[in-house]
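Generate coordinates for the entire structure from the input sequences, incorporating the hints supplied.
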Amino acid sequence: MATFFEQLINGLTIGSFYALVALGYSMVFGVMKLINFAHGDLFALGSYLGYTLLIASSSWVTVHFGLWGGMAIAMLFAFTGIGLAGVLMERVAYRPVYPAGRLSLVVSALGMSIFLQNGIMAIWGSRPQAYPAAVVPSTRFSLLGLPVTSLQVVILLISFTLMLAIWFIVEKTTFGAAIRATALDRSTATLMGIDVRVVIFFIFALGPALGGIAGVMNGMYYRAISFNMGWTYGLKAFTATILGGIGNIPGAMIGGLLLGLMESLFAGYVSGAWKDVFVFFILIVVLIWRPTGLLGEKTAEKV
Amino acid sequence: MRKTVSVLLVCMLATVLFLSGCAKKTGDTGPIQIALQAPITGDYAYEGQMAKQSVEVATELINKAGGVLERQIAVTVVDDGSNPKDSAIAAQKAVSLKVVAVIGSYGSSVTEPAEDIYEKNKMVSVGYGCTALRLTVDKKPNYFFRTCGRDDAQGLFFAKYAVETMGAKLIAIMHDNSTFAKGVAEEAKKALQPYVDAGKCKIVYYDAVTPGEKDFSAAVTKLRNTNPDVWYYTGYYTEAGLLVRQARDAGLTCPFIGGNAAINDDFIKIAGIDVAKGCLMTQEPLVTDVTTAISEQFRTLYKEKFGDVPSSPWPVYAADALYAIVGAIKNANSIESDAIATAMHTNMTGVEGVTGAIKFTAIGDREDVPYKMYEVTADGKYVVHQP
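Residue numbers (our numbering), protein chains in the order written: chain A, -16 to 286; chain B, 163 to 549.
Taking CB as the label site, the calculated pair distances span:
hint	chain 1	residue 1	chain 2	residue 2	range
1	B	K492	A	S121	53 to 59 Å
2	A	W257	B	Q548	38 to 44 Å
3	A	A117	B	E498	57 to 63 Å
4	B	N225	A	S133	56 to 62 Å
5	B	Q254	A	R273	41 to 47 Å
FYI, nobody ran anything at the bench for these hints, they're computed from the structure.
Virtual Cβ for every residue (Gly too), placed ideally from N, Cα, C.
As structure tokens, this is what we get:
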């Protein structure tokens, strides 16, 4: 039984990374109807930004703020940096091609993904980098008889806090209502006096910024980062988005967590080799049963 | 009318033949063109870059010593991006460049499509990091060779070492579903079978992880619960580093043995030295543990040009592939594919590479590739393990 809970925590940790990345996908899709393929690479870039900050100023940060302070600063740095990168990306790669239709947008997104991935490789090299052990806080302790690390607990806390915050902003505030209105119908939202540009700016700052934080936490937790890590996480997070219902904020969170749990439990109890087969089989079953995902709205065809 | 056409055709054919003959003659004084197909980009870019450097060093050494057939050699690099799809494109490119022979590539699943293309075009290719059996055993190629060993040799070495030297009773084997890792794992399992039948040991875990992922906690928790005496992972270093770290965090303490792609400097960086020290690996000897005359020169020049010797054994086999090709050209006294291939199969007397004498079996495998058990020391060096 203890092993079961251990696997549960393992799954939740992977799942929270998927969920944070999936949130960015889902927010952007909701408003822009664009699958932002470069999102996974922004996540990787966040990881590298945090890494660079910690490497460059590790002694200074550690002396003044301690290990946890260093982690917080790295996350803030990646949050801001990737937020800016997201806004810049929208300005450079998406806004100019928006009138040309969705196909051009998707191609532009793929282009951004390749650009970012190779940019990371050109700057930081093709070899994997590692967050040095000295800057990663890690104490092992036993929580209700389960072996966990302090980092694991902090990651779960931060992830859930962020997810709750996003949920609150989107569902409970006036600005959230503006976001939802823009997602529903862009031109009508404009007629109602919503500044769509501000909404898009916000979405492209916050979505990637969440990915940036997830990137730093991922680097801290697994220590190894590589220039192509965005691809794997992007794909899994995209799957989570589809599973939960694309464009739906709670759906992205639930999809991410569920994906992580399924992976972990299947690999732990059945077979690691067949894990992805199983997970994607479940995805297909869910999509047959609910084509718009678990929490996706049923869309009625307009006649 | 018909006669005129056929005469014209014959004339044209003659001209083409004459011209192509000319082209070949004028090329005879220039350098002999050889291609290196390697993963310059992609997942194994690090290995590919070192292979390129190794071949560069070998080329310089050979050319300094007067080249071959009184001609210099020149190496062109084609990038296979660490994946089978780009490998086919890279191979087509090498073929269209009309090189004399090809070195490459790293990784069995990447090499396979290229091997087929070279074989079809009757072009000699020499793999340097592809160890799957089927490349030679199943295909019985005429123009494909390899300077590295085969999976079954490594699997056999592991089985014998684990049971006889270490006395392990419960053995766990893990791979990553890639052609290479699965090959070694299967061969290790096969080699363990006689011991299992004799009741000397048991395979308690046999499963795969997905390469490219970072979280293997589910797999290592499952592994830990089987209480193995020794754990053999046959995949690549990125996953290996993550696996060992996560396994130690989950409380698994048994010795870790990596396959020959599992441990390098990046493994130590990812796992952290506290976890990496004491990890073992089955591997062809590193260039630092080779004591041939050429290896001396190779090490010196490599250090001079790039600072340090290659940290993995594979790039050196790329250099060996070049030595094999050049040696065969010399023994065959020809740059025709068929002559080179025949020389490689039958007449490799006096051909020495960085790792020693190079000879091939009838299906193109290298004869007598030695393996050793390496250990990571506390200061991140690799030494031959003393049990």
